[in-house]
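As given, the protein sequences belong to chains X and E, one line each in that order. Under the working numbering, the first residue of the first sequence is numbered 498, with each subsequent residue one higher. Under the working numbering, the first residue of the second sequence is numbered 498, with each subsequent residue one higher.
Keep in mind that the hints were calculated from the coordinates and are not lab data. Any given hint might turn out to be false.
For identical chains, the list gives no copy identity; a pair is met inside one copy or between any two copies.
Below are the BS3-like pairs computed for lysine-lysine, each with C-alpha atoms no more than 30 Å apart in a straight line [to be verified]:
#: 1; residue 1: LYS616; residue 2: LYS638
#: 2; residue 1: LYS545; residue 2: LYS616
#: 3; residue 1: LYS638; residue 2: LYS520
#: 4; residue 1: LYS551; residue 2: LYS642
There are 2 protein chains.
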Amino acid sequence: MTTVESPVAFNSALLVDSSLFLKAMVQQIRANDPYGTFRHWADELLLKPYVLSKTQKREISVEGEVDPITQSRIMAFYRAIAYCIEAETGQLSQVVIDLSHEGFGWVLIFSGRLILVSKTLRDAQRFGFDSLEKLSAEGEKLAAKGIDLARQYPTVCDL
Amino acid sequence: MTTVESPVAFNSALLVDSSLFLKAMVQQIRANDPYGTFRHWADELLLKPYVLSKTQKREISVEGEVDPITQSRIMAFYRAIAYCIEAETGQLSQVVIDLSHEGFGWVLIFSGRLILVSKTLRDAQRFGFDSLEKLSAEGEKLAAKGIDLARQYPTVCDL
Chain X
498 MTTVESPVAF NSALLVDSSL FLKAMVQQIR ANDPYGTFRH WADELLLKPY VLSKTQKREI
558 SVEGEVDPIT QSRIMAFYRA IAYCIEAETG QLSQVVIDLS HEGFGWVLIF SGRLILVSKT
618 LRDAQRFGFD SLEKLSAEGE KLAAKGIDLA RQYPTVCDL
Chain E
498 MTTVESPVAF NSALLVDSSL FLKAMVQQIR ANDPYGTFRH WADELLLKPY VLSKTQKREI
558 SVEGEVDPIT QSRIMAFYRA IAYCIEAETG QLSQVVIDLS HEGFGWVLIF SGRLILVSKT
618 LRDAQRFGFD SLEKLSAEGE KLAAKGIDLA RQYPTVCDL
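Please put together the full structure from these sequences, using the hints given.
Next up, the structure:
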């Protein structure tokens, strides 16, 4: 199976370069790297923990708290969406994550009094995507919806 | 000083009876009492922990996590506001609390895509009010603002 590794890595690098959303995510992850641990890591390596197969997900226990690393991973995903919305609409936005101790909860991205992205989380311990393509597509979809809303109700954003 | 105790308690009872908001809070606190601990407690006794003098506040450490009892106290306050908004406008609303480990954070009450109440929390370990009157006034003020917003932007609530 290892022979497939290198073309996959190559494709991942190409994908990260071509996806504005994945670039925004990498930017968020690097912004939260005060000790420069990731300085020499390739972008696609930073995104790798976001890709989880069904089997890998099943192996992660949903008992107990969501660990801080997974929490900051979730945060980077939604901050990247917030960044994309901001870049497109000029509306500053906030990300709020309310997670219970069991991995259930809410993520909201809002600007003024308008909620641009509203998602419930379930089994947040297993936060991940089938592939980088899916990660990119999901992020872009949520950002696009948020941009639409911000354009539709600019007065609510300015409250 | 103990001679003043009983008129104060008497006034508190009167106040709780006359304030719709305080009644809603008592209702929220009793709703979170699965073992019936508070069954025989007077309403004003349930609200007593919300009243903190400046000195009492100063005595509470802001180091470390907000303890679960204070968290549920904050939750009951904002749930009561959500309840008042719902009762007045018919819009179902959610309360989301995002608290950092240092007692900083956000509280949002929202309905659909509209944020009805948006508050930042600071030193949440010291959550409290000078008096029951102040508690009631603050809750009513936030609820009134939320009701106004819900009436102004009903379409955003329905998104």
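Hint check results:
1. LYS616 <-> LYS638: both (13 Å within a copy, 29 Å between copies)
2. LYS545 <-> LYS616: Classified as within; 23 Å inside a copy, 36 Å across copies.
3. LYS638 <-> LYS520: within (15 Å within a copy, 43 Å between copies)
4. LYS551 <-> LYS642: Classified as within; 27 Å inside a copy, 46 Å across copies.
Consistency note: the structure conflicts with none of the earlier hints.
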